[in-house]
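A.B. asks: Sequence:
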Amino acid sequence: MGVEGIGARVLRKEDKRFITGKGKYTDDMVVPGMKHATFVRSPHAHARITGINVDAAKAMSGVVAVLTGSELKADGIGNLICGWMIHSKDGTPMKMGAWSPLATDKVRYVGDAVAIVIADTKGEARDAAEAVEVTYEELPVVVNALDAMQQGAPEIHAEAPDNLIFDWDLGDEAATNAAFAKAAHVTSMDIVNNRLVPNAMEPRATLGVYDSGEDHYTCWTTSQNPHVARLVMSAFYNVAPENKLRVIAPDVGGGFGSKIYIYPEEITCLWASKKTGVPVKWVADRTESFLTDAHGRDHVTHAEIAFDSHHRILGLKVATIANLGAYMSLFSSCVPTYLYATLLSGQYAIPAIHANVKTVYTNTAPVDAYRGAGRPEATYVLERIMETAARELKISPAELRRKNFVKSFPHQTPVIMCYDAGDFDATLDAAMNAADYAGFENRRQEAAKRGKLRGIGMSCYIEACGLAPSSAVGSLGAGVGLWESAEVRVNAVGTIEILTGSHSHGQGHETTFAQLAAERFGVPIDSVSIVHGDTDKVQMGMGTYGSRSGAVGMSAIAKALDKVEAKAKKIAAHLLEADEADIEIKNGDVRVAGTDKSVPWFQVALAAYTAHNLPSGMEPGLKEGAFYDPSNFTFPGGCHICEVEIDPETGTTEIVQFVAADDFGNIINPMIVEGQVHGGLAQGIGQALLEATHYDASGQLLTASYMDYTMPRAVDLPSFTVTNTVTACPSNPLGVKGCGEAGAIGSPPAVINAVTDAISNNNLAMPATPQNVWAALQAAK
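By this note's numbering, the letter at position 87 of the sequence shown is numbered 984, and the numbering carries on one by one without gaps.
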């Protein structure tokens, strides 16, 4: 490890511009003639559109145009799609209802876009939007997934009778039933995973520009994967031919999954720019974000787990109903299926598993991936029922888990996944030692003397990251491959540019990706630039989500670095009149091993471009590209332990200790990894204690502002203890696994297990607000 290479705690290069206000976000982009857009949105959760009158709005000061869905459809703009096909257990395809970027006949949730108003200023656009007269015929509303499946429930899409999108199975039902028939003990639970709003720091925004002279479109957008945005907008939505569309995702202030997708606004603003002849910018306000950003979670599950007389797991049954909202978002179908049910084995050797998942439409905002995307939901089910089983069996929760851990690798689960490497005993031991688990009872007694209820809970999680290989996900219904691309350009003076299809929106790629080159060639990371987020600069890429940037994105870079290194050594061997096998690159020099013969790195680069003295037949230049498609998912895992104190008079919970012991494989930059874990823990604890999305019976979002939707604050969080164990991932060249989602996956069950331990009442759902905890305490009396 060098001072700036792999394993070094290098400060983030990009933070200088962020903390000094020099970041360049979509709303910072200004182009000549730019106008501002406001969307007219439905105030009703379910209604027929019987008329739209735009005359008064068009006549207002500064208004350029008011456009509706009928005009958009007349120009051939397509409906939004879900890009992952799921078939029901009877073989029928999922029931995907039509989602027009601007509604034409019906609105299906509060916030559904009906028209776009374009004006000289944002204020003028907003004023004119208020003057658009839309008449509605209100229809019955359903917001709850269980209610949506009841006979006589309002039909949201004609394509989906009974609002059922698909009824999907995974696992061997007969084998699981046989395992339960032999059980000495069965634990059953009904579990709710609460709906969340992602709340990225930067609201969504887009700027659409049509150049009539070049017949070319440019879209600046807050996207986690600009190349997929370009692909989908050209291939499916008919906005523009792919070769005439440039998508740029500049600095993006957080995503957490909510910026993976293509939303109506990008499509509409690009179309409107051509229609009106002016650039069109839209920036969401925070209420729009609450109403229209894809929400997360929202599962209702019944789970049963069977044990033999020695407390070994025999089988697991899970039946889940997932609320996908009013429309199917881009990846919504895979979240409660292949990103959820495939992880229900957790860290345990479970011989038989059967999962059934039903997804339904409701008159609520669309639901899609949110940090962890299916993995937190699976972990919450499994770790809550494991803790509950330990209590029923009256044995240590730690020892019940340890007894059932997978001990040898590779391990094939009954639900598709094959775990390649891990050491679950090691992370459990590390967490218990860091938490002083053995000394907890003394701390409980001390807290009781102060009138506080103290509890401890743990969670042992595993996740599948990388979301690859492409052939596997393709066979499961994915509409795209999930490889990654990279190009490494060494300039004539030895500086390096790395072009990557991954996208950074807070992960620190400009630092960690540069560390790979610094490690390989001994150059300072300040001489390495990272280029991403622009489809005109990077040919193609799959973006960032599912903790794939390290395992897939950096592996593509490593492959390209291999090619650059090989060519550089050939050039150096020629210059130094040495055998290529004897050439090594260290500390910025290229030298003959065991001698004092060397040339500086920049001279090798210069020789590549002057081309005066290259090996015979070698092309000039020092630039190489690579695509990387991994052979397997990666499987980070760990153990989180939470310790709480509760005031029995108020129900207020204080987290007094939180330990996260994780196995992320090899780590490129420990400081950045710790930051990723801290952020994930904050979001997971927020879900467990504070956050919940509530609609009333008419479909109005009651939690559409920070006055009503409680976000975690610094005072709600402890100083985290973060530690790591390492088993290198064997399926990628760097041995990395991924870290970005782990905190949000492992923490919610650990928190709820701790709270329920403290109050001696296991019947508690997230969020464990003071009101809910107080009510559970009264119920336990």
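Fair warning: there could be bad hints in the mix.
[Stated by the list, open to error] Keeping only pairs whose Cα atoms sit at most 25 Å apart, straight-line, the calculated DMTMM-like set for lysine to aspartate or glutamate is:
#	residue 1	residue 2
1	1494	1479
2	1255	1087
3	970	1139
4	1079	1066
5	1434	1526
6	1456	1493
7	1520	1433
8	1172	1027
9	910	924
10	921	1320
11	955	1205
12	1255	1021
13	1346	1182
14	913	1289
15	992	1052
16	1171	925
17	1172	1021
18	955	972
19	1300	1205
20	1019	1139
21	1304	1320
22	1466	1394
23	910	972
I should point out that these hints are in silico values taken from the structure, not numbers from a laboratory.
A.B. asks: Is it true that the CA of residue 1172 sits at most 25 Å from the CA of residue 1021?
C.D. replies: This hinted pair holds, its Cα atoms lying about 19 Å apart.
A.B. asks: Does residue 910 pair with residue 972 here, judged by a C-alpha cut-off of 25 Å?
C.D. replies: The given pair, whose Cα atoms are some 45 Å apart, is violated under the 25 Å limit.
A.B. asks: Is residue 1171 within 25 Å of residue 925, Cα to Cα?
C.D. replies: Holds. Residue 1171 to residue 925 sits at ~22 Å (cutoff 25 Å).
A.B. asks: Are residue 1466 and residue 1394 close enough, with their CA atoms no more than 25 Å apart?
C.D. replies: Cα-Cα ~19 Å, so holds.
A.B. asks: Against the 25 Å threshold, does the CA-CA distance of residue 1346 and residue 1182 hold or violate the hint?
C.D. replies: violated (49 Å)
A.B. asks: Does residue 924 sit within 25 Å of residue 910, going by the straight-line distance between their CA atoms?
C.D. replies: holds (22 Å)
A.B. asks: Within a Cα-Cα threshold of 25 Å, do residue 970 and residue 1139 meet the stated pairing?
C.D. replies: holds (20 Å)
A.B. asks: So if I understand the rule, the pair passes when the alpha-carbon distance is 25 Å or less; does residue 1434 with residue 1526 pass?
C.D. replies: holds (21 Å)
A.B. asks: With a cut-off of 25 Å on the C-alpha distance, tell me whether residue 1300 and residue 1205 pass.
C.D. replies: Roughly 12 Å between the alpha carbons, so the hint for residue 1300 and residue 1205 holds.
A.B. asks: Do the alpha carbons of residue 1079 and residue 1066 lie within 25 Å of each other, as the hint requires?
C.D. replies: holds (23 Å)
A.B. asks: Is it true that the CA of residue 913 sits at most 25 Å from the CA of residue 1289?
C.D. replies: violated (53 Å)
A.B. asks: Quickly compare the C-alpha distance for residue 955 and residue 972 to 25 Å and report which way the hint goes.
C.D. replies: At roughly 20 Å apart (the allowed maximum being 25 Å), residue 972 and residue 955 satisfy the hint.
In the structure shown, a violation is registered for the earlier hints numbered 6, 10, 11, 12, 13, 14, 20 and 23, in ascending order.
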